Amino acid sequence: MEGILEFWNMIWPELGKGLLTTLQISVVALSLGLLTGIPAALARVYGPAWLRWLATAYIELFRGTPLLVQLFVIYYGLPDIARLLESMGMSGQFLVLDRMVAAYIALGLNSGAYQAEYFRSAIQAINVGQIMAARALGMSQLQAIINIVLPQSVRLAIPAWSNEVAYMVKYTSVVFIISVPDLLARGQFIISKYYNPMEILITVGIIYLIVVLGIATGMGKLEEKLRIPGLEIEAKRV
Amino acid sequence: MSKAIVRVENLHKAYGSTEVLTGVSLEVAEGEVLVVIGPSGTGKSTMLRCINLLTFPDAGHIWVAGDEITAPGANVNHIRERVGMVFQDFNLFNHLTALKNVMIALLKVKKMPEEKARELAMFELERVGLEDKADLYPAQLSGGQKQRVAIARALALDPLVMLFDEPTSALDPELIGEVLDVMKDLARDGMTMIVVTHEMGFAREVSTRMIFMEKGVIAEEGPTQEMFYNPQHPRTQQFLGKITELYGHKKDEA
Amino acid sequence: MDKLPDIINSIPYLLQGALLTIAVTVLSLLTGFVIGLPLALMRVYGGKFSAKFAATYSTVMRGLPSLVVLFILFYGMAAFISLPAFVAGCIALGFCSSAYQMELLRGAIQSVGAGQMMAARALGMSRLQAIMSIILPQALRLAIPSWSNEAAVVLKDSSLIYSVGLAELLRRSQQVAARTYQSFIVYSICALIYFLLTFVTNRGLDHAERVFRLPTPLEEH
Ligand SMILES: Nc1ncnc2c1ncn2[C@@H]1O[C@H](COP(=O)(O)OP(=O)(O)OP(=O)(O)O)[C@@H](O)[C@H]1O
Ligand SMILES: [Mg+2]
Numbered sequence: 000m001e002g003i004l005e006f007w008n009m010i011w012p013e014l015g016k017g018l019l020t021t022l023q024i025s026v027v028a029l030s031l032g033l034l035t036g037i038p039a040a041l042a043r044v045y046g047p048a049w050l051r052w053l054a055t056a057y058i059e060l061f062r063g064t065p066l067l068v069q070l071f072v073i074y075y076g077l078p079d080i081a082r083l084l085e086s087m088g089m090s091g092q093f094l095v096l097d098r099m100v101a102a103y104i105a106l107g108l109n110s111g112a113y114q115a116e117y118f119r120s121a122i123q124a125i126n127v128g129q130i131m132a133a134r135a136l137g138m139s140q141l142q143a144i145i146n147i148v149l150p151q152s153v154r155l156a157i158p159a160w161s162n163e164v165a166y167m168v169k170y171t172s173v174v175f176i177i178s179v180p181d182l183l184a185r186g187q188f189i190i191s192k193y194y195n196p197m198e199i200l201i202t203v204g205i206i207y208l209i210v211v212l213g214i215a216t217g218m219g220k221l222e223e224k225l226r227i228p229g230l231e232i233e234a235k236r237v
Numbered sequence: 000m001s002k003a004i005v006r007v008e009n010l011h012k013a014y015g016s017t018e019v020l021t022g023v024s025l026e027v028a029e030g031e032v033l034v035v036i037g038p039s040g041t042g043k044s045t046m047l048r049c050i051n052l053l054t055f056p057d058a059g060h061i062w063v064a065g066d067e068i069t070a071p072g073a074n075v076n077h078i079r080e081r082v083g084m085v086f087q088d089f090n091l092f093n094h095l096t097a098l099k100n101v102m103i104a105l106l107k108v109k110k111m112p113e114e115k116a117r118e119l120a121m122f123e124l125e126r127v128g129l130e131d132k133a134d135l136y137p138a139q140l141s142g143g144q145k146q147r148v149a150i151a152r153a154l155a156l157d158p159l160v161m162l163f164d165e166p167t168s169a170l171d172p173e174l175i176g177e178v179l180d181v182m183k184d185l186a187r188d189g190m191t192m193i194v195v196t197h198e199m200g201f202a203r204e205v206s207t208r209m210i211f212m213e214k215g216v217i218a219e220e221g222p223t224q225e226m227f228y229n230p231q232h233p234r235t236q237q238f239l240g241k242i243t244e245l246y247g248h249k250k251d252e253a
Numbered sequence: 000m001d002k003l004p005d006i007i008n009s010i011p012y013l014l015q016g017a018l019l020t021i022a023v024t025v026l027s028l029l030t031g032f033v034i035g036l037p038l039a040l041m042r043v044y045g046g047k048f049s050a051k052f053a054a055t056y057s058t059v060m061r062g063l064p065s066l067v068v069l070f071i072l073f074y075g076m077a078a079f080i081s082l083p084a085f086v087a088g089c090i091a092l093g094f095c096s097s098a099y100q101m102e103l104l105r106g107a108i109q110s111v112g113a114g115q116m117m118a119a120r121a122l123g124m125s126r127l128q129a130i131m132s133i134i135l136p137q138a139l140r141l142a143i144p145s146w147s148n149e150a151a152v153v154l155k156d157s158s159l160i161y162s163v164g165l166a167e168l169l170r171r172s173q174q175v176a177a178r179t180y181q182s183f184i185v186y187s188i189c190a191l192i193y194f195l196l197t198f199v200t201n202r203g204l205d206h207a208e209r210v211f212r213l214p215t216p217l218e219e220h
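Chains as they are written, first to last, in numbering that gives the first Met the number 0: chain U, 0 to 237; chain P, 0 to 253; chain C, 0 to 220.
Hints were generated in silico from the structure; no laboratory data involved.
Possibly wrong hints are sitting among the right ones.
As the list claims (entries may be wrong) - Sample of chain U residues facing chain P (criterion: CB under 8 Å; computed from the structure):
{"no.": "1", "residue": "T55"}
{"no.": "2", "residue": "G128"}
{"no.": "3", "residue": "A132"}
{"no.": "4", "residue": "G137"}
To be verified - Calculated lysine to aspartate or glutamate pairs in the DMTMM-like style (CA-CA distance at most 25 Å, straight line):
{"no.": "5", "chain 1": "P", "residue 1": "K132", "chain 2": "U", "residue 2": "E223"}
{"no.": "6", "chain 1": "P", "residue 1": "K99", "chain 2": "U", "residue 2": "E1"}
{"no.": "7", "chain 1": "U", "residue 1": "K224", "chain 2": "P", "residue 2": "D131"}
{"no.": "8", "chain 1": "U", "residue 1": "K224", "chain 2": "P", "residue 2": "D164"}
{"no.": "9", "chain 1": "P", "residue 1": "K99", "chain 2": "U", "residue 2": "E223"}
{"no.": "10", "chain 1": "U", "residue 1": "K224", "chain 2": "P", "residue 2": "D134"}
As the list claims (entries may be wrong) - Rough simulated footprint, nothing fancy, chain U against chain C, three-plus residues with beta-carbon under 8 Å:
{"no.": "11", "segment": "121 to 128"}
{"no.": "12", "segment": "193 to 207"}
Being a predicted model, the structure only gives us computed values, none of them experimental.
Just so you know, even glycine gets a beta-carbon here, dropped at the ideal spot from N, CA and C.
Just chain U, with the same shape it has in the complex (with noise of 0.2 Å):
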């Protein structure tokens, strides 16, 4: 027993600070998911052509392909187009991306794809009817987006997004490919200095565990709060 606490003495340190680092990029991940990807299903849904084509390009090209991949053609591969810009006499040293903000935008742009295919299954299962009933009452067609299908469809896109939080905390450990110093990371350094693996990487797994089944119940709570009768039903069918 006073073994077990000397170990979790010696590592919690360490991996508090990871778990911390992994809390933060889902945080930042979800949030700029959530603000490009609300914006692209309703591009894809009510948008004109041109702005449909690209926003379904955009969700399609990053739920096609594996999220390390996005990850390292924006963390080693964006810095070539820098050079390429530079060699035209143009700044590129924006594109030259600091690790951590690399892993924000890949793990962002990733969420809001998904978060966008989640948010259109919720507005396409909004009756026209209610639109159309809204455009009677003299309300403009944003108007009725904005005040009738939005609202709507946020709630029933809470389940699949409960899901998108708990995906996101469990992918963020690929930043640790890219050296960011994440949960799993932490876990990795004391490995490579006790040479422990199998312990610290259950306790890694089981940290990864709790945080996610605490996120399921705390949505599972907020679903309950924004309850509406009537609308819950629809949300199943999503």
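Using the hints provided, position chains P and C with the ligands relative to the given structure of chain U.
Here is chains P and C with the ligands on its own, set in the frame of chain U:
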């Protein structure tokens, strides 16, 4: 006749190659209740939707209270505020309580202050007898109650004319009465109404004039009494006979 | 751009990596299916204990990052048994996928409905017979669309095995990128190959779904 609230002239509308409206003209005076009947697919809903421009006609002109709404550059949203519409399947906003359903257009379209909107919405709910359901969501209301909220929602904008598109067709028989009662009260209060319905009891009791539409045109129109007891067009006779058979009411229960 | 011929010459090398990616994907999916199907049956038809076990397994596996499971098998197990990267990768992704496959199979089995089971039992079939000859033939068909989605997920996750050194598509891309100093182009080509693979996977399974689909009442529109 007093002044015309709605005037429609030579309305045409086609969806692709299907011609839905092929020259509809009509006039509705202030305080009049016009009932529209006709077989399925003849363009009754399309005509109603044209009157508040939810559907834009291909040709023809529409005036509401003397202003031509089909004129280029007319403010569509402003027109719709003045023309209330009630749908067959209610279309209450699912994420809003009954009260909020009535308030939302007041807040977002009329830009009314919250307090005033609430007060007015409450008043409209009382008018349809649902003040005690104000805080329930649509899913918690019966069909009849939903439709009454939908009527209150349209009334709150203080429209010049109310359009009803088969307002009781989606309702269980025992719930139809409460909606018709609200509509009858409205008519008595002098609201101008255009009602597509197969409820002949309502038509006979409340409407001043009737229109029989078929294949995109008005086949026959006249004062309600005449249409009921002395229809000229053989198809009108046939149709009235058929819906009377289906929905009950006609000459008997006077 | 003088590196362009070099990059083009490397494409066959990348495609060989893609073959390894496909092999990992197929084996992981099969592993996941072999573990997931019995668990799904346990979850739906099992007694209290086995249903609880299956549910717990699913919750735990779906809460762990694939990368952590991979490292446990590759580095953690190294003290007991040294698994080659390929084997560790297939088992790790297979375990992770099994939980998701269990869930999608469970959904499919449940949507076949209890009435089918009852009818089969009424004809004198045993539970096992009913499952094998009545429930599963219907459930597996229903599961194809979600299964197609899962196949694409595993295909994309196979890139994680890069991190334990397997010379699959991403690892080979990294080698070519390091040699040519053209990361952007090389990783874009790599992404394109993955994109085509997921595209073909989805289309192929869509097709399978149509081929195996049972006749339905006239389609609604
Ligand atoms: N948005 C649309 N796109 C294409 N066709 C349409 C559209 N709306 C209506 N139609 C067609 O126009 C015709 C008339 O439809 P409308 O709904 O106006 O008829 P209706 O008289 O109201 O019939 P019902 O009694 O069934 O409600 C129908 O053939 C219908 O299929
Ligand atoms: Mg109609």
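Hint check:
1. T55: violated (26 Å)
2. G128: holds (4 Å)
3. A132: Interface hint status for A132(U): holds (4 Å vs cutoff 8 Å).
4. G137: Given a least distance of 4 Å, the restraint on G137(U) holds.
5. K132(P) to E223(U): holds (22 Å)
6. K99(P) to E1(U): violated (61 Å)
7. K224(U) to D131(P): Distance of about 24 Å is within 25 Å: holds.
8. K224(U) to D164(P): Distance ~36 Å between K224(U) and D164(P) Cα, so the pair is violated.
9. K99(P) to E223(U): holds (21 Å)
10. K224(U) to D134(P): holds (16 Å)
11. 121 to 128: violated (count 0)
12. 193 to 207: holds (count 4)
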